[in-house]
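Given the coordinates of chain Y, work out where chain D should sit on it, guided by the hints.
Going down the list, the sequences are from chains Y and D. Under our numbering, the first residue of the first sequence is numbered 1, with each subsequent residue one higher. Under our numbering, the first residue of the second sequence is numbered 1, with each subsequent residue one higher.
Be careful, since some hints might not be right.
The list treats identical chains as one, so a pair stands whether inside a single copy or across any two.
[What the hints assert, rightly or not] Calculated cross-link-like contacts (lysine to any residue; reagent style SDA-like; alpha-carbon spacing at most 25 Å):
id : residue 1 : residue 2
1  : K414      : E109
2  : K501      : E488
3  : K337      : P113
4  : K278      : R251
5  : K136      : S160
6  : K414      : T111
7  : K136      : Q161
8  : K333      : R406
9  : K407      : T142
Source of the hints: derived by calculation from the structure; they are not laboratory data.
There are 2 protein chains.
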Amino acid sequence: MMEKMGDGSTPFWLPQNQIRGVAIHFPSNSAPPPPSKVMAGSIDMMLRDLNLDAVESLPEDFDPTTVINDPLPPIANDALHTNGVKSINGKEKPREIVLGRNVHTSCHEVTEPDADDDDSGDREAYMASVLARYRKSLVERTKHHLGYPYNLDFDYGALSQLQHFSINNLGDPFIESNYGVHSRQFEVGVLDWFARLWELEKNEYWGYITNCGTEGNLHGILVGREVFPDGILYASCESHYSIFKAARMYRMDCEKVNTLVSGEIDCEDFKAKLSLHKDKPAIINVNIGTTVKGAVDDLDLVIKTLEETGFSHDRFYIHCDGALFGLMMPFVKLAPKVSFKKPIGSVSVSGHKFVGCPMPCGVQITRLEHINALSRNVEYLASRDATIMGSRNGHAPLFLWYTLNRKGYRGFQKEVQKCLRNAHYLKGRLTSAGIGAMLNELSSTVVFERPQDEEFTRKWQLACQGSIAHVVVMPNITIDKLDDFVDELIEKRAVWYGNEKLQPPCVASDIGESNCLCVKHK
Amino acid sequence: MMEKMGDGSTPFWLPQNQIRGVAIHFPSNSAPPPPSKVMAGSIDMMLRDLNLDAVESLPEDFDPTTVINDPLPPIANDALHTNGVKSINGKEKPREIVLGRNVHTSCHEVTEPDADDDDSGDREAYMASVLARYRKSLVERTKHHLGYPYNLDFDYGALSQLQHFSINNLGDPFIESNYGVHSRQFEVGVLDWFARLWELEKNEYWGYITNCGTEGNLHGILVGREVFPDGILYASCESHYSIFKAARMYRMDCEKVNTLVSGEIDCEDFKAKLSLHKDKPAIINVNIGTTVKGAVDDLDLVIKTLEETGFSHDRFYIHCDGALFGLMMPFVKLAPKVSFKKPIGSVSVSGHKFVGCPMPCGVQITRLEHINALSRNVEYLASRDATIMGSRNGHAPLFLWYTLNRKGYRGFQKEVQKCLRNAHYLKGRLTSAGIGAMLNELSSTVVFERPQDEEFTRKWQLACQGSIAHVVVMPNITIDKLDDFVDELIEKRAVWYGNEKLQPPCVASDIGESNCLCVKHK
Chain Y
1 MMEKMGDGST
11 PFWLPQNQIR
21 GVAIHFPSNS
31 APPPPSKVMA
41 GSIDMMLRDL
51 NLDAVESLPE
61 DFDPTTVIND
71 PLPPIANDAL
81 HTNGVKSING
91 KEKPREIVLG
101 RNVHTSCHEV
111 TEPDADDDDS
121 GDREAYMASV
131 LARYRKSLVE
141 RTKHHLGYPY
151 NLDFDYGALS
161 QLQHFSINNL
171 GDPFIESNYG
181 VHSRQFEVGV
191 LDWFARLWEL
201 EKNEYWGYIT
211 NCGTEGNLHG
221 ILVGREVFPD
231 GILYASCESH
241 YSIFKAARMY
251 RMDCEKVNTL
261 VSGEIDCEDF
271 KAKLSLHKDK
281 PAIINVNIGT
291 TVKGAVDDLD
301 LVIKTLEETG
311 FSHDRFYIHC
321 DGALFGLMMP
331 FVKLAPKVSF
341 KKPIGSVSVS
351 GHKFVGCPMP
361 CGVQITRLEH
371 INALSRNVEY
381 LASRDATIMG
391 SRNGHAPLFL
401 WYTLNRKGYR
411 GFQKEVQKCL
421 RNAHYLKGRL
431 TSAGIGAMLN
441 ELSSTVVFER
451 PQDEEFTRKW
461 QLACQGSIAH
471 VVVMPNITID
481 KLDDFVDELI
491 EKRAVWYGNE
501 KLQPPCVASD
511 IGESNCLCVK
521 HK
Chain D
1 MMEKMGDGST
11 PFWLPQNQIR
21 GVAIHFPSNS
31 APPPPSKVMA
41 GSIDMMLRDL
51 NLDAVESLPE
61 DFDPTTVIND
71 PLPPIANDAL
81 HTNGVKSING
91 KEKPREIVLG
101 RNVHTSCHEV
111 TEPDADDDDS
121 GDREAYMASV
131 LARYRKSLVE
141 RTKHHLGYPY
151 NLDFDYGALS
161 QLQHFSINNL
171 GDPFIESNYG
181 VHSRQFEVGV
191 LDWFARLWEL
201 EKNEYWGYIT
211 NCGTEGNLHG
221 ILVGREVFPD
231 GILYASCESH
241 YSIFKAARMY
251 RMDCEKVNTL
261 VSGEIDCEDF
271 KAKLSLHKDK
281 PAIINVNIGT
291 TVKGAVDDLD
301 LVIKTLEETG
311 FSHDRFYIHC
321 DGALFGLMMP
331 FVKLAPKVSF
341 KKPIGSVSVS
351 GHKFVGCPMP
361 CGVQITRLEH
371 INALSRNVEY
381 LASRDATIMG
391 SRNGHAPLFL
401 WYTLNRKGYR
411 GFQKEVQKCL
421 RNAHYLKGRL
431 TSAGIGAMLN
441 ELSSTVVFER
451 PQDEEFTRKW
461 QLACQGSIAH
471 VVVMPNITID
481 KLDDFVDELI
491 EKRAVWYGNE
501 KLQPPCVASD
511 IGESNCLCVK
521 HK
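Next comes chain Y alone, as it looks inside the complex (with noise of 0.2 Å):
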């Protein structure tokens, strides 16, 4: 079935009546300051902040009421702050939210600082005792994260130095804007790396450092559509849903594939989709590493579909979705080779994800005959516009830098594999114990049974979907973990499943019956 994306109708869509009805907890120290503590004697310390301070030369023709006189925005009314407060102690249950906790409830506020604030130190000693209590809830946090493909262990030290620059690497990273500080010459360092890795010459290849693997993906999709403005786009219905989102965004016409139960592209369905729009050029979204199942889709298949069908090169674009294992895959002997040798237009991986760093990042590939088809002058920038984000994070680079320089190609083969064999022996304490499980040939990703328990699940941190949870094994994860992890997950299942009443769920429809060790399938 077609679907026409962003005309309104949106039937991809999920029910909108379930992501309605947010309720906003205010938190209780959200009521208005006494009036005392905000207005006395406003007006006297205005002035003094406006007049006494040392700012320098004052022009004769500068109209000292061109600043208003309280500067203190009103707040919300009494009634709603009240509300919020009484639902805390329970006299008025709170409005439900549907999906997660709101964070209105444990939000830290931003409040005033008293104009003696600067003299008693009270404001720095309060904003101190947050940031320590919100470190150790990091540290706490960071221990016990399984489910979502970062690599958390990394140290950056030597990088601190520079925390207080402001770099931004606004537009092109190969064109030098007016704006001097920022560290192109890292981020072309490390793009050159990336195209190394995927083959393709310093001279033929564009590409920049996004903020995350959606950026990659907005980007790649975006330059498959000037590339075919026409082109309709294919995605398996297992691909990140910023694929999804891109189509929307872009008013693209998108077609949905079928998937294996491995999680990859079914390319039969593949080909009954491409063979309904022959008229049409296809763009499509290839995933090295689906989100849910780590699933990598047979790239070379892919190919020889499209040519089986009639698609000539000229007539397709693929973009490689390497989020996740873009980086692990080249390393892999068995995996389909990411490379622009063939008929690829563009491969985006993560960089927070198997490198690691404090903030989400992500390279970009593509071909430089592509990105023209995309850019345009910004002489305000003295530079060209070719990304999706304008003004770009400076310091993404040098975290990437430093990593890729510190572990090479070689460092990386040896953290591919050290993750390949804890991911096997996770799945193998996990069938033991008689949990069923599945692993892709070529992934780190283990999935299984999604835990009973709400709580379970977030102290491990383990992203589900429907029936399933996973575990994506990355470099941080050691054995230890894995083994603290199962033990407890054997542990509680014990209680969840011991008197009989509930039993584990089936999940021979999402993993294959072979992978199912349900009360029907073991």
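Relative to the frame of chain Y, chain D by itself:
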């Protein structure tokens, strides 16, 4: 004239031939390393790497051939690299690039570590020296920066303890995903502060912290389009380039509206263009500070124009691009107030500009009722997808929270006043020296003639367009720095224009006759 965006014809794009032919210069150190270095004993080395390292417990069914033998991808052929090397020695003239300088000439290549690097410490020492030199250049570049609206004056030392966590606010700020290493509690505190600034109740707003001003604009325009799928986008021709990029990405019809000399939107022309399309809803970008001239569109007049042309409030959507002055205008008495009490749909502001932040970021606030036009559930995240990006930088909210808490509304007001004073001072010094300059009443952007010498422009990192340049007076720009700049400019002008062969440029068409001090207009 109406322009159909994103249909492949793209008449608003600048000529493509201006941006082609980007020659790639290869650094002299990117020639292939000597074979002995890469290959010597590589098989032995690989075996040692693969087998002797302390990788825990190898499962019985693990296939060691899973990992490829030599992980080093081949590098580009000699000829290309030699070409690059030669060009630096001047033997072969490198191909010219059209805009700016090519970064490949000075990039820090990522090199593969030798096996003994770990022991010798050579690599660590090499990297430390690169970083130390880089740090020194950042100090120098930061000192001389005037042209971009970035406040480079901040001290986030208290937050450096958090740098080694992978903080990711993936998904919606108000709904926790299962990934536990996030900073939503700080993000929501920051959002609350901005919602109060722009007068929207806590239970009526939605928003998030973006990666930059562009992401805010992309989001605001997208919300507008989802509310009015057949709406026409109106934006003044001095709007930020991301607005027109959005129109192209989203395949929206776009009307460019003329501007006054000040840079403000010309509401006469706006009215005329609205009248042409009374049958279609209107999506309007209102600039709270244009990029080049710092002009503030008159929000009240825009709304009045819409009403007078027969557009009822349910037939238009206004996005306020406050990237530059969105946080300054609320403190300026004469400025048209940006407030959600007026019929506007969204406001965005940059976080790395007036606030100051090591990496680009921004804040986007919209009405909760609109966001449902955009969002969808994403079960994988246990969240919903209403943001442009998926993974989101969790450090940016911490930086913003820290500064907002320290400064408060009153602190920002003081800084706004200081910036306005200093901008007046700069304009005064320029005109006293016979240099035509313009400073919009509500602005801290001083516009003047483009310096003759690119080296001078680069030293002070001035943003230029056509015959004009500008300085954006941010809180870190002191009177001393402005004096240094003006003194040097006066000195240089004596050289450039001393022999009377060259005249200073006329900038009357850019900033108005009354502001121009060229031979003809002084």
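So, going through the hints one by one against the coordinates:
For a Cα distance limit of 25 Å, the shortest separation of K414 from E109 across copies, 22 Å, qualifies, whereas the shortest one inside one copy, 45 Å, does not. For a Cα distance limit of 25 Å, the shortest separation of K501 from E488 inside one copy, 21 Å, qualifies, whereas the shortest one across copies, 84 Å, does not. Proximity of K337 and P113 under a CA criterion of 25 Å is satisfied inter-copy only: 24 Å between copies versus 57 Å inside one chain copy. Both within a single protomer and between protomers do K278 and R251 lie at most 25 Å apart by alpha-carbon distance, with minima of 20 Å and 24 Å respectively.
Both within a single protomer and between protomers do K136 and S160 lie at most 25 Å apart by alpha-carbon distance, with minima of 20 Å and 14 Å respectively. Taking the closest pair of Cα atoms, K414 and T111 come within 25 Å of each other only across two copies (17 Å); inside a single copy the shortest separation is 49 Å, beyond that limit. In this assembly of identical chains, K136 and Q161 lie within 25 Å of each other by CA distance both inside one copy and across copies; the values are 23 Å within and 11 Å between. In this assembly of identical chains, K333 and R406 lie within 25 Å of each other by CA distance solely inside one copy; the values are 23 Å within and 54 Å between copies.
Proximity of K407 to T142 under the C-alpha cut-off of 25 Å is restricted to the intra-copy arrangement: shortest distance 22 Å within a copy versus 31 Å between copies.
Violated hints are absent here; each numbered hint is respected by the structure.
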